[in-house]
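A.B. asks: Sequence:
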Amino acid sequence: MGRKILHVDMDAFFAAVEQLRRPDLRGKPVVVGGDGNPHKRGVVSTASYEARAFGIHSAMPLRTAYAKCPHAVFLAVDFAAYGDYSRRVRAILHEYTPLVEPLSLDEAFLDVSHRPDDPVALAQDIRAAINARTGLTASVGVAPNKLLAKIASNLRKPDAVTEIRLETVAEMLRDLPTTVLWGVGPKTAARLGEALGVRTVGELCSIPLAALQTLLGDHHGEYLYHICRGEDDSPVVTEWEPKSISRETTYQWDTRRRDVIVRTISSLVGDVIDDLREEGYVARTVTVKIRYRDFATHTRAQTLPAPVGDAATVLQTAVALLERFAMDRPVRLVGVRLSNLVKPGREPGTGNRNFFTPLVRSEGRRLPVTG
DNA sequence: TCTGGGGTCCTTATCCTC
DNA sequence: TCTGGAGGATAAGGACCC
18 MGRKILHVDM DAFFAAVEQL RRPDLRGKPV VVGGDGNPHK RGVVSTASYE
68 ARAFGIHSAM PLRTAYAKCP HAVFLAVDFA AYGDYSRRVR AILHEYTPLV
118 EPLSLDEAFL DVSHRPDDPV ALAQDIRAAI NARTGLTASV GVAPNKLLAK
168 IASNLRKPDA VTEIRLETVA EMLRDLPTTV LWGVGPKTAA RLGEALGVRT
218 VGELCSIPLA ALQTLLGDHH GEYLYHICRG EDDSPVVTEW EPKSISRETT
268 YQWDTRRRDV IVRTISSLVG DVIDDLREEG YVARTVTVKI RYRDFATHTR
318 AQTLPAPVGD AATVLQTAVA LLERFAMDRP VRLVGVRLSN LVKPGREPGT
368 GNRNFFTPLV RSEGRRLPVT G
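Remember, my numbering sits 17 above the position in the first sequence when you count from 1.
Check each hint, because a few of them may be wrong.
What the hints assert, rightly or not - In silico lysine-lysine, DSS-like type, Cα no more than 27 Å apart, as pairs:
{"id": "1", "residue 1": "306", "residue 2": "204"}
{"id": "2", "residue 1": "306", "residue 2": "360"}
{"id": "3", "residue 1": "57", "residue 2": "85"}
{"id": "4", "residue 1": "204", "residue 2": "174"}
{"id": "5", "residue 1": "85", "residue 2": "174"}
{"id": "6", "residue 1": "260", "residue 2": "204"}
{"id": "7", "residue 1": "174", "residue 2": "260"}
{"id": "8", "residue 1": "57", "residue 2": "306"}
{"id": "9", "residue 1": "85", "residue 2": "45"}
{"id": "10", "residue 1": "174", "residue 2": "45"}
Everything labelled a hint here was simulated from the structure, so no lab data went into it.
Keep in mind it's a predicted model, so treat the numbers as computed, not measured.
Work out the full structure, taking the sequences as your base and the hints as a guide.
C.D. replies: Below, the structure written as structure tokens:
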């Protein structure tokens, strides 16, 4: 008997919450992103379906979105509010199973294998419960594994339940572009297209393992070989530990002034240390990231002899790292990252929450702890 | 009109130790 | 003592995800 996995994906989540809070926005194009000013640097986090009709989508620069639809309502991202709704939705999900893996504020996997119910009926139930109790709509994918459940929830939106069965996998995936697969982005899709003439999942299935490994490396090649066939044994992971904690900021106007950058780093260090403490970690590695005006992005890192948790040491390390960058061009972004995280008095965390490793189980691979 | 922020993991190169 | 390789740690960049 196979597993029963659901993928619950809230529809246009940020924008939907805004429309819920402000009924006057319903039916209007709403764009959530940045600080809500479409004339400043920033990108679209979420566009309402009304805004999408104008060609606006996530990750689009706010200025571009404004050009496409000047009369759209532009709003700042309000993570506190979305977190609130996210917790309410999650609480509903937990009424159905303790095996809930949140993927982000607006997505989660559920393992309902242990329930006798028909999974599609269960998905309909969950969708209705979310709508009745929050006013928000969700799309749910039903499948024998996480990979297919995620693809399924994306096939029909919004407010829909879509099932992919093992016996229909090949047929349902065959003509879809390779980018529907998790881990295939624009670069990989282009390489597959140029080197192998592969555009669809079905075409990808016809490529031998060795050819994929030659093109993309052993690991990624093997990964694609399995996922294009809908194969994925990864468990629903209910707990994980962070691997890194970071903060970064983009200037409204590029700068080459060292004093400005040092002040930014100081502020970022303060924020990142706050997060580190909140999570209860200390860190060994400090990384400074600089993105220049031409978008070239560089990092410089230093691993300290012992984990640290105080702002002064991290700041001192970060400022020293800054000296290793060529300040020959204006800087648009500065970031600070802490990694090699350790809980004081414990071994480094081995928790896992990623998109590559757990999707396909293979021999000898370390697997995350399941709930 | 460019191109956010917070993450994860992979690959490759290099250095060091055994 | 010299040399070579294995393998871990570190560093940097890149791809991807939401």
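A.B. asks: When the hints from earlier in the document are held up against this structure, which numbers fail?
C.D. replies: 7
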